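Participant: Throw the hints in and build the complete structure from the sequences for me.
Protein chains in written order, with my numbering: chain P, 1 to 362; chain Y, 1 to 362.
For the record, the hints were derived by calculation from the structure and aren't laboratory data. Quick caveat: nothing in here was measured; it's all calculated off a predicted structure. Fair warning: there could be bad hints in the mix.
Unchecked claim - Rough simulated footprint, nothing fancy, chain P against chain Y, three-plus residues with beta-carbon under 8 Å:
1) 36–42
2) 126–137
3) 149–156
4) 170–179
What the hints assert, rightly or not - So the derived list for chain P, only partly shown, Cβ under 7 Å to chain Y, looks like this:
5) L171
6) V178
7) V306
8) L308
9) L312
By construction, the Cβ of each residue, glycine as well, lies at the ideal position given by its N, Cα and C atoms.
This is what each chain is made of:
There are 2 protein chains.
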Amino acid sequence: MGTRPAEVVRDGASESPVRTGAVDAQLGDYFDRAEAQAAAISPEYIRLWRGLRASTAGGKRLRPALVLAAYRGFGGTDDAAAAARIGAAFELLHTALVIHDDVIDRDFRRRGVPNIAGVYRDSAQDQGLAAPAAEHRGQSAAIIAGDLALSGAFRLVAAAELPAPLRLRLLELLDEAVFASAGGELLDIEFPTMSPPPALRDVLQMSLLKTAVYSFELPLRAGALLAGAGEPAADLLGGVGRLMGTAYQLVDDLLGTFGDEQVTGKSAAGDLAEAKYTPLLAYASNCPEWPRIRALLAGAPGTREVALIRRLLESCGARAYVEDLAESYAARARDRLAAAGLPAGLRTDLVDLLEQAVRRSR
Amino acid sequence: MGTRPAEVVRDGASESPVRTGAVDAQLGDYFDRAEAQAAAISPEYIRLWRGLRASTAGGKRLRPALVLAAYRGFGGTDDAAAAARIGAAFELLHTALVIHDDVIDRDFRRRGVPNIAGVYRDSAQDQGLAAPAAEHRGQSAAIIAGDLALSGAFRLVAAAELPAPLRLRLLELLDEAVFASAGGELLDIEFPTMSPPPALRDVLQMSLLKTAVYSFELPLRAGALLAGAGEPAADLLGGVGRLMGTAYQLVDDLLGTFGDEQVTGKSAAGDLAEAKYTPLLAYASNCPEWPRIRALLAGAPGTREVALIRRLLESCGARAYVEDLAESYAARARDRLAAAGLPAGLRTDLVDLLEQAVRRSR
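Facilitator: Structure representation (structure tokens):
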């Protein structure tokens, strides 16, 4: 590969060979244009757009990297516009879903800094609003910003210079990904109060829907279609994406419970404080430790209780089980990649991206 | 006109000659398909889709009626698919914006019954969640449902059987309408704490952005373009739509403050309890009564205080001023319609729709 320019995907210490600089350029154009239009409305609106731009900065550009990997791997050569634009659209989709997910999870920080809800909450407090009103103001701004990003995703795909049937197919896939994510998000919020509690199988389905479809299946399918590889190849990569995405989300669940706050940039209590029903809890619900874990979770656990729950999740085997499960999904993805007769460069790139997804620490 | 079938637009006692039954059929197909797909995921997801379907029911179908009026008025004759589908898309956009607006306004009822946030809040309370957690659950479900409706709007336009350039133009207009609405919504939430308070001019701009663009300008423009009337005709109708929409929103502000709760289906305290900065307050801010009104608004006004604020808004002339302002926007819209040399049937239909918009009681 030779030199590795700054715009390659970075993830902790590892790097991907897939350059996403053209995607950043597309996003930059998109935000420049929106800010110019917002300037005709009000300074407040410029500020919201700048907040939205900041929400897309500093990310791993995982979804665009997957689009580009599939596109180039299947021989796509149009380095300029369309694939980068589709990658940018999916990054906006990711931003929209993350912003709304943070409202739903009552998170006011992401990657170690205030997210858009946090920024607006803090400035409302500076204006003299009491804490609950300021939080609501922050969440309201975030709802609006997420709607803009979601529309932007559709806009970027709709305006891509592509044959009309392909553009339509990509818009369909985008809508299907929103459909899946919304279904997963809904289950995610309903699981904690479901009776009987959901089975591990249901929790894995939720993860698949909420994250894997839009983060892995959609970009890989889209990249294959953009390169003209056809629907069967897109289906193949889509299936690999589901496996990769499930492995990715399981690692995310492990980081959300056992990760180092300094590294993940997320609150340490994280998933446990929100009593999110992850596969860790689904496994633990069949352990003798469960009544104790459940009681601790129900009592708005603080730092000490969270540490105790972590130890109980380790002693009951939940941590090891989920680590093994993540590895088994990754292995299935690797096996399918190896067996599929894909172009060698594509296989290598996807295995690299898979390793990043499961070896990451944030 | 002869018989008036059940699917005409109804608004209080008056009726429009524009039939929107084909729009309801498009929405019905859309929800049937989504529910079938949700069934593959979980019963909870079917329930969310049924809630979303219910959120679109019982509305005035104002936006589809405007699309169809402009489309048929300019000679569009394809009674079947495209115009009705675009009307259905704009109805979904309306649903999305209303659902998210209700979250932002902390409203749990609409049209006299629980809205989607209210339905989910109530069932979370039945499951034993405390009030704040149950409200958050309701709002979370509403955020998800609004995202689905917003995606659905783009999906329906993207899949309309239209020449590709026209479809792209409509997708652009849809995105521009979301851009305007989001800008208006942001100003709406920021106005109450702005210092100095916003001028009447700014409040009118906010109304224009938040409501008039997507509710009037967008449908009229789209209908003209669908009929092949060209961009100048679309611009003309778009301008009329801005005037109509501003008149409409001013009437909405009057109903939100002085309306009969039994008729509007909205909470009586409404805008005053939320301290929304409407043109009524912008006018009143220059009256001797203002310090008293402001103090009452700041103190979380109950029924008695709301009644007092209403009397003060009447005695200071704010009510009469806003009523006159609504009438003057309606008159400008009528004048422009009369002067524009539009087809006679279109002019009549739009004047009818305008009268409904300003004479309504809910």
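Participant: Indicate, hint by hint, whether the structure satisfies it.
Facilitator: Status of each hint after checking the structure:
Coverage of a stretch by a chain is defined here by at least three residues with a beta carbon nearer than 8 Å to that chain's beta carbons; for the segment 36–42 of chain Y and chain P the count is 4, and the condition holds. Coverage of the segment 126–137 of chain Y by chain P holds in this model, with 5 residues showing a Cβ closer than 8 Å to a Cβ of that chain against a need of three. Coverage of a stretch by a chain is defined here by at least three residues with a beta carbon nearer than 8 Å to that chain's beta carbons; for the segment 149–156 of chain Y and chain P the count is 5, and the condition holds. A count of 6 residues in the segment 170–179 of chain Y with a Cβ less than 8 Å from any Cβ of chain P is obtained; the coverage claim is therefore met, three being the minimum.
Because the closest C-beta pair between L171/P and chain Y is about 4 Å apart, less than 7 Å, the hint holds. With its C-beta approaching chain Y no nearer than about 4 Å, V178/P sits inside the 7 Å limit, and its interface hint holds. Taking 7 Å as the C-beta cut-off, the interface hint given for V306/P is violated, the closest approach to chain Y being about 19 Å. Annotation: interface hint on L308/P violated; nearest CB of chain Y at approximately 23 Å, more than 7 Å.
Hint on L312/P is violated. Least Cβ distance to chain Y is approximately 24 Å, over the 7 Å limit.
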